[in-house]
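> So you can see what is in the structure, the chains are spelled out below.
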Amino acid sequence: MFNELWSDFRYRVRALLRRDDVERELSDELRFHLERETEKYQRMGFSRADAERQARLAFGGVERAKEASRESRGTLLLETTLQDIHYAVRGLRSKPAFTVGVVLTLGLGIGANAAMFGIVDRLLFRPPAYLRDASTTHRVYLSEIESGGNTRTEHNTQFARYLDFLRWTHDFSSIAAFQTRTIAVGEAGDARERPVTVASASYFDFFDARPVLGRFFTAREDSVPVGTPVAVLGYAFWQTEFGGRPDVLGKTIRIDRGLFTIVGVAPDGFTGMTDQGVPAIYTPITAFAWALRGRDYSKNYNWGWLELIVRRKPGVSFADATADLNNAHRRSVVTEYALASQKLDLDATKPKAILFPMQLGRGPEAGQEAKVVAWVGGVALIVLLVACANVANLLLSRAVRRRREIALRLALGVSRGRLIRQLLTESLVLAGLGGVVGLAAAQWGGKILRALFLPDDPAGGVTDSRTLGVALVATLGAALLTGIVPAVVASRSDLARALAAGSRDAGAARSKTRTTLLVFQAALSVVLLIGAGLFVRSLQNVRGMRLGYDVVPLSVVSLNLRGAKLSPAESNVLGQRLVETARAVPGVTLVTPVASVPFWSNEGRGLFIQGIDSVRKLGRFILQSGDTNYFRAAGTRILRGRGFESTDGPNAPRVMVIGDGMAKVLWPSQDPIGKCIRISEDTAPCTTVVGVAEEMRIRAFDDAREHTYYLPFAQYNDEPGAIFVRVNGDAADYSAAIRRALQPLLPGAAYVNVRPLRELIDPRMRGWEFGATMFLAFGGLALALAAVGLYSVIAYGVAQRQKELGVRIALGASRGSVVRLVVVGGVRMVVLGIGIGAVVALWAGRWIGTLLFNESPKDPVVFGAVAGVLVVVAVVATALPAFGASRVDPNVALRAE
Amino acid sequence: MDDRLDLPQGTLDLLILKSLSLTPMHGWAISERIHDVSRATLQIPQGSLYPALHRLERRGWIRAEWGASDNNRKAKFYELTRAGRKQLDAESDAWARLTKAVALVLDMG
Chain A
1 MFNELWSDFR
11 YRVRALLRRD
21 DVERELSDEL
31 RFHLERETEK
41 YQRMGFSRAD
51 AERQARLAFG
61 GVERAKEASR
71 ESRGTLLLET
81 TLQDIHYAVR
91 GLRSKPAFTV
101 GVVLTLGLGI
111 GANAAMFGIV
121 DRLLFRPPAY
131 LRDASTTHRV
141 YLSEIESGGN
151 TRTEHNTQFA
161 RYLDFLRWTH
171 DFSSIAAFQT
181 RTIAVGEAGD
191 ARERPVTVAS
201 ASYFDFFDAR
211 PVLGRFFTAR
221 EDSVPVGTPV
231 AVLGYAFWQT
241 EFGGRPDVLG
251 KTIRIDRGLF
261 TIVGVAPDGF
271 TGMTDQGVPA
281 IYTPITAFAW
291 ALRGRDYSKN
301 YNWGWLELIV
311 RRKPGVSFAD
321 ATADLNNAHR
331 RSVVTEYALA
341 SQKLDLDATK
351 PKAILFPMQL
361 GRGPEAGQEA
371 KVVAWVGGVA
381 LIVLLVACAN
391 VANLLLSRAV
401 RRRREIALRL
411 ALGVSRGRLI
421 RQLLTESLVL
431 AGLGGVVGLA
441 AAQWGGKILR
451 ALFLPDDPAG
461 GVTDSRTLGV
471 ALVATLGAAL
481 LTGIVPAVVA
491 SRSDLARALA
501 AGSRDAGAAR
511 SKTRTTLLVF
521 QAALSVVLLI
531 GAGLFVRSLQ
541 NVRGMRLGYD
551 VVPLSVVSLN
561 LRGAKLSPAE
571 SNVLGQRLVE
581 TARAVPGVTL
591 VTPVASVPFW
601 SNEGRGLFIQ
611 GIDSVRKLGR
621 FILQSGDTNY
631 FRAAGTRILR
641 GRGFESTDGP
651 NAPRVMVIGD
661 GMAKVLWPSQ
671 DPIGKCIRIS
681 EDTAPCTTVV
691 GVAEEMRIRA
701 FDDAREHTYY
711 LPFAQYNDEP
721 GAIFVRVNGD
731 AADYSAAIRR
741 ALQPLLPGAA
751 YVNVRPLREL
761 IDPRMRGWEF
771 GATMFLAFGG
781 LALALAAVGL
791 YSVIAYGVAQ
801 RQKELGVRIA
811 LGASRGSVVR
821 LVVVGGVRMV
831 VLGIGIGAVV
841 ALWAGRWIGT
851 LLFNESPKDP
861 VVFGAVAGVL
871 VVVAVVATAL
881 PAFGASRVDP
891 NVALRAE
Chain B
1 MDDRLDLPQG
11 TLDLLILKSL
21 SLTPMHGWAI
31 SERIHDVSRA
41 TLQIPQGSLY
51 PALHRLERRG
61 WIRAEWGASD
71 NNRKAKFYEL
81 TRAGRKQLDA
91 ESDAWARLTK
101 AVALVLDMG
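So the sequences go chain by chain: A and B.
Residue numbers for the first sequence follow my numbering, so the first one is 1 and each next one is one higher.
Residue numbers for the second sequence follow my numbering, so the first one is 1 and each next one is one higher.
So that you can see chain A by itself, here it is in the shape it has in the complex (with noise of 0.2 Å):
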């Protein structure tokens, strides 16, 4: 059998590397054989002429023969192919403009698709590096329903909820939890901020994965409450602080306030669960949580910080799985609130555990960025439609006018099959230079997008396996795409019309067949663009939306003490020249301490007011703090009442301002100012409102729920949580000297953070941005070529219909109305693909809805300004064939042919 295969192999590539030998031998072989049948027949006595006649007779067609033997080689096929490709790539040498035009077509179209896809399959496809079998495992996500009938679903919970599920849950095979923080890494002068993967120990038999040096951390190091406080480095951070030295097991490397002993390196490329950054370290739960704590944070249910992922045990149905996650997590919601002495109506809160696949990006809290990527990926698909729409147009003009040569080779016998394949072959000739152009323009592409999307992406590279199938998919679907339409109408030329009717368009079934088209073009290139107007107009809402406070000016300075111990008295003291030394600094107009930073992290107390049953079922009320100077120099108006005041001491009745909103909710017909709430306990003393100002949006940009109140700094009694720093200008150009000034201050390893605060705002808004940018770019790109595709149909049908219209120009018809009558017929064509277009887009906007800000995803405007954009583009496109047209010198015309 193998030596069979070998031979045919050797055979046929013999056959098809030396086949002009091939062929001679072929010849000579036959000669031989009909020479000596030949002599047979003169030995018979027959003349010289006979006997040669006698001979062909016997032998039947000789080019029949020789036909029959060259397909038992086997290798006619891949000949004609070489032959077709060799044919393809003369005629479209011969017309370089039309070449490059196509190929940069298809290449954007192909392009834009293999680089979405990167983004797309980082976000929602691609396990996580090393993920065993990733089939059975599944993202813990937990949900509830809050008082205000919402359900929230997170996927953050806390440490005892872990040790609940360890205990209760038996389908399972693991459990683990972790979170990425940034943290503090090394000594004093020399620490920095990294990604730190806090993880128990279970969290690496997820992985097939073994570290390139040492062992991972073991479940004894995990130990409850007091873990060992063991790190093992990421393979990437070892090679660039360590240099990746051998040396560094038992070295000690200081994390946030503890030292923790080096036992390990993770292996290259591993980057555990997480989705941003490259983890630094990885360390267990219990010794990072008893450092930072302090004490036992493992019995309460108070911090919700990790996260947690399950495996099933082998043939434990995901449904059963399920349903023993969501007993074991009735159990510990029950435990969580007798420990709290809380009542708890479990069919009124229904919780629930949910499963869902570890990809955050497909879970139900998935990003904003991760549902606008799927669509835009989506987009992408629709340029690469209208790219093919487009190269198909111009394939089918070129069919038309080689209708004469198709014509004369179906008169000469090529069969139709043979035909269409060539005209296959020569549109994947295209597709596959626009595939390379296309793979180029990803790799340059892809990084602006992962700059603008996934800025801490690890995985790096736009050019994977993947991505790479995906652009050949893509390039065979638009050779696919493309080159079936005009092979076949090409094909089905008839023979004779064909003939003689020259290379003159006479077919109107194919002129249909460009218009339509056409219509398409125009409307998906309007879907496109109405997409873009809705993501602009959502940007343009969310940046200009007021946020209750001001951000370019603001800057946010935070400590981190790493374990310095202050008495309160010291950390006052602290404080409160931080905030002089501040405010000191050039360029710095005012200084406040505060309790909560926006988009970072938030405080909140429970609220008791008489005659309302449960403040916290109206809402959601964060605390911020501020001294004398917070509502000035955080931009925050103060709507009714005052601000706080020198007067407002410790020792002074409490006072408060509450948010505009919060004032609504709580005294709908009544006026807030003077009421009493009492604040953490129903039996604390009044605090009395004094104020309303605006409301912070500190969350979310768009949460109606979510509201806020503001306390004295004085009355605060606690630490601050950041200070705000107000400057003349941008914020941004004032961060060096605001840490060069205030580091100084600070004890031992502690350090000092300075951050604009339009540095935790505007990671927020990359969704909308993202959309408008990636919507503007596609649906640009896609107009750009539809008004390509409806200039040169126009530009050929007035070069079609030349005799036409000269007609009717020496008929008397004035220039005017000749520009007139071409225009009409092209602009008609459009307004029908706005119609389509705006049909599909107000259908398609029933899912976008959401992904929006603010805005109506049937805004009139955007709707009429992409078709005013759209006529205009097509009067023009129109418009400069058309007065080409007018000129046409009747005479010159009508004698042409």
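A few of these clues could be false.
[Unchecked claim] Below, simulated DSSO-like cross-link-like pairs (lysine-lysine); rule was C-alpha separation at most 30 Å, straight line:
#1 A:Lys-512 <-> A:Lys-95
#2 B:Lys-74 <-> A:Lys-66
#3 B:Lys-18 <-> A:Lys-66
#4 A:Lys-664 <-> A:Lys-617
These aren't lab readings, by the way, just hints derived from the structure by calculation.
With the hints as your guide, set chain B onto chain A.
Here is chain B on its own, set in the frame of chain A:
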């Protein structure tokens, strides 16, 4: 027509292999030999011989070499390979069984 038979599908290969089992031959000699040995009963269109030869060569059952013919002209000689000999045995065997079986069925009536 006359009493000459057309070849059933596939038997040409067998005849070629059998002819070559005695001595290497060129194409014309093979056609002559089949013609002679079958006492002119088997009708082979000579043109169909060559595709068959090329097919057999591709499968590795025969090997081709250019040599001098009896009257000293260049001719392409084919000879059986080891695989070809095995194939010949297998196919003759199958053929014998087939004809016997067909004969049995025909004799039954």
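> Look at each hint and say if it fits the structure.
Now for the hints, and whether the structure bears them out:
Restraint check: the Cα-Cα separation between Lys-512 (chain A) and Lys-95 (chain A) comes to about 25 Å, which is no more than 30 Å; the hinted pair holds. Our distance criterion of 30 Å between C-alpha atoms is met by Lys-74 (chain B) and Lys-66 (chain A), whose separation comes to about 19 Å. For the proposed pair Lys-18 (chain B) and Lys-66 (chain A), the alpha carbon gap of about 24 Å is at most 30 Å, so the pair holds. Only pairs whose Cα atoms come within 30 Å are accepted, and Lys-664 (chain A) paired with Lys-617 (chain A) is accepted, the gap being roughly 14 Å.
When the structure is compared with the earlier hints, no violation turns up for any of them.
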